[in-house]
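With the hints as your guide, set chain B onto chain A.
Read top to bottom, the protein sequences are chains A and B.
With our numbering applied, the first sequence corresponds to residues 356 to 522, in that order.
With our numbering applied, the second sequence corresponds to residues 11 to 159, in that order.
Mixed in with the good hints there might be a few duds.
Unchecked claim - Across the chosen pairs, the derived CB separations fall in these ranges: (1) B:Arg-80 to A:Ser-455: 41 to 47 angstroms; (2) A:Ala-415 to B:Leu-77: 20 to 26 angstroms; (3) A:Arg-429 to B:Asp-67: 44 to 50 angstroms; (4) B:Arg-71 to A:Met-356: 40 to 46 angstroms; (5) B:Asp-67 to A:Thr-440: 43 to 49 angstroms; (6) B:Pro-74 to A:Phe-454: 45 to 51 angstroms; (7) A:Leu-451 to B:Pro-74: 48 to 54 angstroms; (8) B:Pro-74 to A:Leu-434: 34 to 40 angstroms; (9) A:Leu-449 to B:Asp-67: 53 to 59 angstroms; (10) A:Ser-437 to B:Leu-77: 42 to 48 angstroms; (11) A:Met-356 to B:Arg-119: 40 to 46 angstroms; (12) B:Val-98 to A:Leu-449: 49 to 55 angstroms; (13) B:Val-98 to A:Ser-366: 57 to 63 angstroms; (14) A:Val-445 to B:Arg-80: 29 to 35 angstroms.
What the hints assert, rightly or not - What the simulated footprint calls covered on chain B by chain A, stretch by stretch (three residues with Cβ under 8 angstroms from a Cβ of chain A suffice, anywhere in the stretch; the number is not a length): (15) 39-45; (16) 76-83; (17) 87-96; (18) 114-120; (19) 138-144.
Source of the hints: derived by calculation from the structure; they are not laboratory data.
Where is the CB? At the ideal position from N, CA and C, for every residue including glycine.
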Amino acid sequence: MMAAIVLVITSTRSLFAVIVLGGVYSFLMATVLVALDAVDVAMTEASVGAGISTVLLLGALHLCKREEAKVLQRPWLPLLVSIGTGVALVYGTLELPAFSDPAAPIHTHVAPRYLQEVMKETGVPNVVTAVLASYRGYDTLGETTVVFTAGVGVIALLRRKRKPGKT
Amino acid sequence: MKGDIVLRVIAKLLLPFIILFALYVQFHGDFGPGGGFQAGVIAAAAMVFYALIFGLDKARRVVPEPLVERMVALGVLIYAGVGVAGMVLGGNFLDYFVLDANPVVGQHRGIFWVEVGVAVTVSGVMLKIFYMFAARGRFDDESREESGQ
Numbered sequence: 356m357m358a359a360i361v362l363v364i365t366s367t368r369s370l371f372a373v374i375v376l377g378g379v380y381s382f383l384m385a386t387v388l389v390a391l392d393a394v395d396v397a398m399t400e401a402s403v404g405a406g407i408s409t410v411l412l413l414g415a416l417h418l419c420k421r422e423e424a425k426v427l428q429r430p431w432l433p434l435l436v437s438i439g440t441g442v443a444l445v446y447g448t449l450e451l452p453a454f455s456d457p458a459a460p461i462h463t464h465v466a467p468r469y470l471q472e473v474m475k476e477t478g479v480p481n482v483v484t485a486v487l488a489s490y491r492g493y494d495t496l497g498e499t500t501v502v503f504t505a506g507v508g509v510i511a512l513l514r515r516k517r518k519p520g521k522t
Numbered sequence: 011m012k013g014d015i016v017l018r019v020i021a022k023l024l025l026p027f028i029i030l031f032a033l034y035v036q037f038h039g040d041f042g043p044g045g046g047f048q049a050g051v052i053a054a055a056a057m058v059f060y061a062l063i064f065g066l067d068k069a070r071r072v073v074p075e076p077l078v079e080r081m082v083a084l085g086v087l088i089y090a091g092v093g094v095a096g097m098v099l100g101g102n103f104l105d106y107f108v109l110d111a112n113p114v115v116g117q118h119r120g121i122f123w124v125e126v127g128v129a130v131t132v133s134g135v136m137l138k139i140f141y142m143f144a145a146r147g148r149f150d151d152e153s154r155e156e157s158g159q
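Just chain A, same shape as in the assembly (with noise of 0.2 angstroms):
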């Protein structure tokens, strides 16, 4: 299913029809991640993937055309080296241990901890939280200076300036 949306956004010329797809394909990876267990992810993904940025992707649209430009040249050497990159991945997950080995050694490094102490340490009932914002805080103060540092960026680039002609 997210391979066939995936096919129609490359094949199809209409911008629209792609940002409504993508906002498609994240509401299924939001699926995917809830079979996951991974449910905080998945509110995230449905939230920002689907729903915030479809409407920033919809707002951009507005200022563009919404046919994609026609293609000058074949892209042949850009295809072979997203072909080849892409097949080093996969190799490269080959060597991983297999899906939800409980042998796995990021099972038996700092997460059984987490799961056993948490309660006892900061009576957090729900563990995602917990590592956010407390054992990895460090983590969670450079995610939000990132998100800072983004809107800052895009305040810098977009305001109007105040002279008339100029925007």
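Frame of chain A; chain B shown alone:
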């Protein structure tokens, strides 16, 4: 789109619930899925929804742009402020245990304020980006001519 009575009525019915849900996600994030990021995005989405139905100018009157710009910085400052508060009270940066006599309560307090900071920055940034994009389109071309900006 502004004239459609169905859209306006439905929007007015839905908006309180969207904002309530954002607050629920924010303050219930300790116990269920959710947290500052999601709550901030939902709150911003509520305002974007309002702006889409009632027009950008009305949305700007509800949440004025200087406020949004201050929210962008304020959230990070709240987050970092929690860290500095931990240092002032004798712990490390972002050490929540010292925020209260009871370490668990201190953790709760720290996580609460950190999530508030994240929510404020995220909703501010999302709303600001939407305002900037929408303001460049034909959304408020009429209003720009009126106000002479």
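Going through the hints against the structure:
Between Arg-80 of chain B and Ser-455 of chain A the CB atoms are about 45 angstroms apart, so this pair conforms to the stated range of 41 to 47 angstroms. Under the hint 20 to 26 angstroms, the C-beta atoms of Ala-415 of chain A and Leu-77 of chain B, about 24 angstroms apart, fit the expected range. The hinted range of 44 to 50 angstroms is satisfied by Arg-429 of chain A and Asp-67 of chain B, whose Cβ atoms lie roughly 47 angstroms apart. As the Cβ distance of Arg-71 of chain B to Met-356 of chain A is approximately 43 angstroms, the hint placing it in 40 to 46 angstroms holds.
Between Asp-67 of chain B and Thr-440 of chain A, the C-beta spacing of about 46 angstroms keeps the proposed range 43 to 49 angstroms intact. The hint said 45 to 51 angstroms for the Cβ distance between Pro-74 of chain B and Phe-454 of chain A, and at roughly 49 angstroms that hint holds. Checked against the hint of 48 to 54 angstroms, the pair Leu-451 of chain A and Pro-74 of chain B passes, with Cβ atoms roughly 50 angstroms apart. Judged by the Cβ atoms, the range 34 to 40 angstroms given for Pro-74 of chain B and Leu-434 of chain A is violated: they are separated by roughly 48 angstroms.
For Leu-449 of chain A paired with Asp-67 of chain B, a C-beta distance near 56 angstroms keeps the hint of 53 to 59 angstroms intact. Against the hinted window of 42 to 48 angstroms, the Cβ-Cβ separation of Ser-437 of chain A and Leu-77 of chain B comes to about 43 angstroms, which satisfies the hint. Checked against the given bound of 40 to 46 angstroms, the beta carbons of Met-356 of chain A and Arg-119 of chain B, roughly 44 angstroms apart, stay inside it. The hinted window of 49 to 55 angstroms between Val-98 of chain B and Leu-449 of chain A holds, with their beta carbons roughly 51 angstroms apart.
For the pair Val-98 of chain B and Ser-366 of chain A, the supplied restraint of 57 to 63 angstroms holds, since their beta-carbon distance comes to about 59 angstroms. A beta carbon spacing of about 47 angstroms between Val-445 of chain A and Arg-80 of chain B contradicts the range 29 to 35 angstroms that was offered as a hint. For the region 39-45 of chain B, the stated coverage by chain A holds: 7 residues have a C-beta nearer than 8 angstroms to a C-beta of that chain, and at least 3 were required. Under the rule that three or more residues need a Cβ within less than 8 angstroms of chain A, the assignment of the region 76-83 of chain B holds, with 3 such residues.
Counting residues of the region 87-96 of chain B whose CB lies closer than 8 angstroms to any CB of chain A gives 3, which reaches the minimum of 3, so the coverage claim holds. For the region 114-120 of chain B, the stated coverage by chain A is satisfied: 5 residues place a CB nearer than 8 angstroms to a CB of that chain, which reaches the threshold of 3. Residues of the region 138-144 of chain B lying with their CB closer than 8 angstroms to a CB of chain A number 6, which satisfies the three-residue condition for coverage.
Hint compliance for this structure: hints 8 and 14 are not met, and every other hint is.
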